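Engineer: Heads up: the sequence lines are chains R and C, in that order. Just so you know, this note's numbering puts the end of the first sequence at 402, numbered straight through with nothing missing. Just so you know, this note's numbering puts the end of the second sequence at 584, numbered straight through with nothing missing.
Possibly wrong hints are sitting among the right ones.
[Unchecked claim] Derived DMTMM-like pairs: lysine to aspartate or glutamate, alpha-carbon spacing no greater than 20 Å straight-line: (1) Lys373/R <-> Glu170/R; (2) Lys455/C <-> Asp532/C; (3) Lys255/R <-> Glu545/C; (4) Lys298/R <-> Asp532/C; (5) Lys528/C <-> Glu170/R; (6) Lys214/C <-> Glu566/C; (7) Lys198/R <-> Asp501/C; (8) Lys193/C <-> Asp205/C; (9) Lys528/C <-> Glu199/R; (10) Lys244/C <-> Asp280/C; (11) Lys134/C <-> Glu349/C; (12) Lys458/C <-> Glu545/C; (13) Lys198/R <-> Glu558/C; (14) Lys198/R <-> Asp205/C; (15) Lys368/C <-> Asp280/C; (16) Lys449/C <-> Glu308/C; (17) Lys528/C <-> Glu225/R; (18) Lys198/R <-> Glu225/R; (19) Lys198/R <-> Asp532/C.
Quick caveat, the hints were computed from the structure, so don't treat them as lab data. These figures come from a predicted structure and were not determined experimentally.
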Amino acid sequence: MLNIRNLHARIDGKNILKGINLEIKAGEVHAIMGPNGSGKSTLASVLAGRKEYEVTEGSVDFLGKDLLDLSPEARAGEGLFLAFQYPIEIPGLSTTNFIKTAVNEVRKYRGENALDAVGFLRLMKEKMAIMNIDQSLLSRSLNEGFSGGEKKRNEIFQMAMLQPRFAILDETDSGLDIDAIRIVANGVNKLRNKDNAVLVVTHYQRLLDYIVPDFVHVLYNGRIVKSGTKELALELEERGYDFIRSENHIGEEVK
Amino acid sequence: MNSDLYLPAANDRNDEPGIIERTVLNEYKYGFVTDIEADEAPKGLDENIIRFISAKKNEPEWMLEWRLKAFRHWLKMEEPTWANVSYTPINYQDIIYYSAPKQKVNPANLDEIDPELRRTFEKLGISLDEQKRLSGVAVDAVVDSVSIGTTFKKQLAELGIIFCSMSEAIREHPELIKKHLGSVVPITDNFFAALNAAVFTDGSFCYIPKGVRSPMELSTYFRINAENTGQFERTLIVAEEGSYVSYLEGCTAPMRDENQLHAAVVELITMDNAEIKYSTVQNWYPGDKEGVGGIYNFVTKRGICKGVNSKISWTQVETGSSITWKYPSVILKGDNSVGEFYSVAVTNNYQQADTGTKMMHLGKNTKSRIVSKGISAGFSNNSYRGLVHVSKGATNARNFSQCDSLLLGDKCGAHTFPYIEVKNNTAMVEHEATTSKIGEDQIFYCNQRGIDNETAVALIINGFAKEVMNQLPMEFAVEAQKLLAISLEGSVG
Ligand SMILES: Nc1ncnc2c1ncn2[C@@H]1O[C@H](COP(=O)(O)OP(=O)(O)O)[C@@H](O)[C@H]1O
Ligand SMILES: [Mg+2]
């Protein structure tokens, strides 16, 4: 489904990604872990098409298409979704209206008819139940004045509404208490099937108790330095990132 | 099922389905010219031209005298230069002051409107066919210097409401006109108001008698069509005790390389417990991407809350014109009266807007509310200029002002000039102002959800302007939201 080869990217003249290789197949869940500043959000942004990042080398194939050649909205249309680490506020724009526009723009991209009010409402009700999300939240301005947990839940709710083929969750667990993590994870699990895939970016092993990954990768200083199964996450939790540092002799490159 | 998920709630109309559809329009949609023969005055301005206009309109002698007095005063005045706008000087001798499409003047029957003009209005989305109107909106249609027809006159007359062109009002209702015309904006008020008083050619008159609530929106649609002409119209609305009217004006003009002058005067009067809600969707031709052409819009709008507990509310959506100079104001004379000003001003390319309001608190317990949303893009300049004045006798006056500016890009300007004069220490005057930019991160967030740049900008600006847009009558809100998006086309991405 997604094949990243030797991906290099920079911002403001600073090289952040230094040769990422990663293949994700349909039906899989991958987790990326790594210390702060290692480039996890950068990878997510580059895949989503944020134009401030310059790709200097490498390629990304997504469902047979050259992902890097597509505009961010086309990537969304192709089925890529990013749950932001820091969701953005848009004052005065109701969350419902935003999501409705998004759903219909994506449908338009795929050559499908726009959902009418009734169809949209039906979809919304269904996903609200799964995500345990309250309607009053959705009638408020997008992310404005939302608590950290509400913002993250809203991200996953949008994912449920858009039904992407491939979703990246960028630290969706940070700032959530254990109940909220369970709700979010539960939502993600319900959306999983053999045709889609998820990339979970996280700091903590905790989330992976609920969203069980098939593979875990450690991103360190712009490279994937170690890959394994979910036991790797447990090991990281126990030993911290220092053991990676020593194994890779790259400690001196990290502040 | 809880229906307010998708039905527009009264205070949340942005959620109406399908409002923010992507509108693909690459140019000003109203820029066409109607090919119709016109009856015109020669270029230039002197007393003879004023006599010509007055004669064309079969005006009584007192009206001509009024005009000449204004003209003589105007000759002694100087064009104001304090606004934050710059433009090539206007040559007042190079303008045609009267131009009327050749058709039967002011036809008694709407069927007699020239078919070409009827088609023009159809194209503008305004039906002059009473049968075809779905919602209750009465229209006075003004082309260049004359009203070509007014709908629903008879139905309104049954309630005692007078809704007609200004020319007709001068002939048919001289006592009302003599009493009120120029009583809010005197002929000596300012340079453009004096010019207007001298040469105004038409406009609308609305009179709502005591205790009557107008059952429909009254509206005037102003269209400039002829070349080299100026449009100078005057609107007067009088709401007698306990009456209510909601009034809307719209305006468009052809695309031309020359600038055309539009200098209007609007006067509103509310007696005890009366209310006027006045909305404007101003979409004069703004000029092209290089700033060539466009309408110079110099307008004086003022209302007086004469009676106790009366209310005047101005709502404006200003997207057009190359220069906008207007300050719809309220004189709060009656005790407990309320003045409101809700404004969205959008400037793009080389447009310049200097707009705002004056709230003059004279009576006790008077309240005013100002909400101004300026959106600037391209190389444009957008200024809010407002005065809140609390006079000595205005005990317990209250004002709240909120002035927000939104910038698209870094070559445009946003400015706020709030003036506050308080002569009574029981007054409470609050002013808040913010300036923000549409963030790349906001646009990217939308993009990531499948929304392209133009739609993203439409969503963001409609969110920004929501509080003002919600004030518009429902019939016009949808169009106005689209207009905001179209005006900013090409400014991002
Ligand atoms: N706009 C930027 N300009 C310069 N450096 C940046 C910018 N954005 C991120 N970085 C740097 O890129 C590195 C990776 O950041 P990020 O991808 O956010 O890490 P992570 O998500 O793993 O914590 C950090 O060193 C960060 O300081
Ligand atoms: Mg991060």
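Engineer: It remains to establish, for every hint, whether it holds in the given structure.
Structural biologist: Hint check results:
{"no.": "1", "hint": "Lys373/R <-> Glu170/R", "verdict": "holds, 14 Å"}
{"no.": "2", "hint": "Lys455/C <-> Asp532/C", "verdict": "violated, 48 Å"}
{"no.": "3", "hint": "Lys255/R <-> Glu545/C", "verdict": "holds, 15 Å"}
{"no.": "4", "hint": "Lys298/R <-> Asp532/C", "verdict": "holds, 16 Å"}
{"no.": "5", "hint": "Lys528/C <-> Glu170/R", "verdict": "violated, 39 Å"}
{"no.": "6", "hint": "Lys214/C <-> Glu566/C", "verdict": "holds, 17 Å"}
{"no.": "7", "hint": "Lys198/R <-> Asp501/C", "verdict": "holds, 18 Å"}
{"no.": "8", "hint": "Lys193/C <-> Asp205/C", "verdict": "holds, 9 Å"}
{"no.": "9", "hint": "Lys528/C <-> Glu199/R", "verdict": "holds, 17 Å"}
{"no.": "10", "hint": "Lys244/C <-> Asp280/C", "verdict": "violated, 32 Å"}
{"no.": "11", "hint": "Lys134/C <-> Glu349/C", "verdict": "holds, 15 Å"}
{"no.": "12", "hint": "Lys458/C <-> Glu545/C", "verdict": "violated, 39 Å"}
{"no.": "13", "hint": "Lys198/R <-> Glu558/C", "verdict": "violated, 32 Å"}
{"no.": "14", "hint": "Lys198/R <-> Asp205/C", "verdict": "violated, 55 Å"}
{"no.": "15", "hint": "Lys368/C <-> Asp280/C", "verdict": "violated, 23 Å"}
{"no.": "16", "hint": "Lys449/C <-> Glu308/C", "verdict": "violated, 25 Å"}
{"no.": "17", "hint": "Lys528/C <-> Glu225/R", "verdict": "violated, 30 Å"}
{"no.": "18", "hint": "Lys198/R <-> Glu225/R", "verdict": "holds, 18 Å"}
{"no.": "19", "hint": "Lys198/R <-> Asp532/C", "verdict": "holds, 11 Å"}
Figure legend: structure checked against the earlier numbered hints; hints not met, in rising order: 2, 5, 10, 12, 13, 14, 15, 16, 17.
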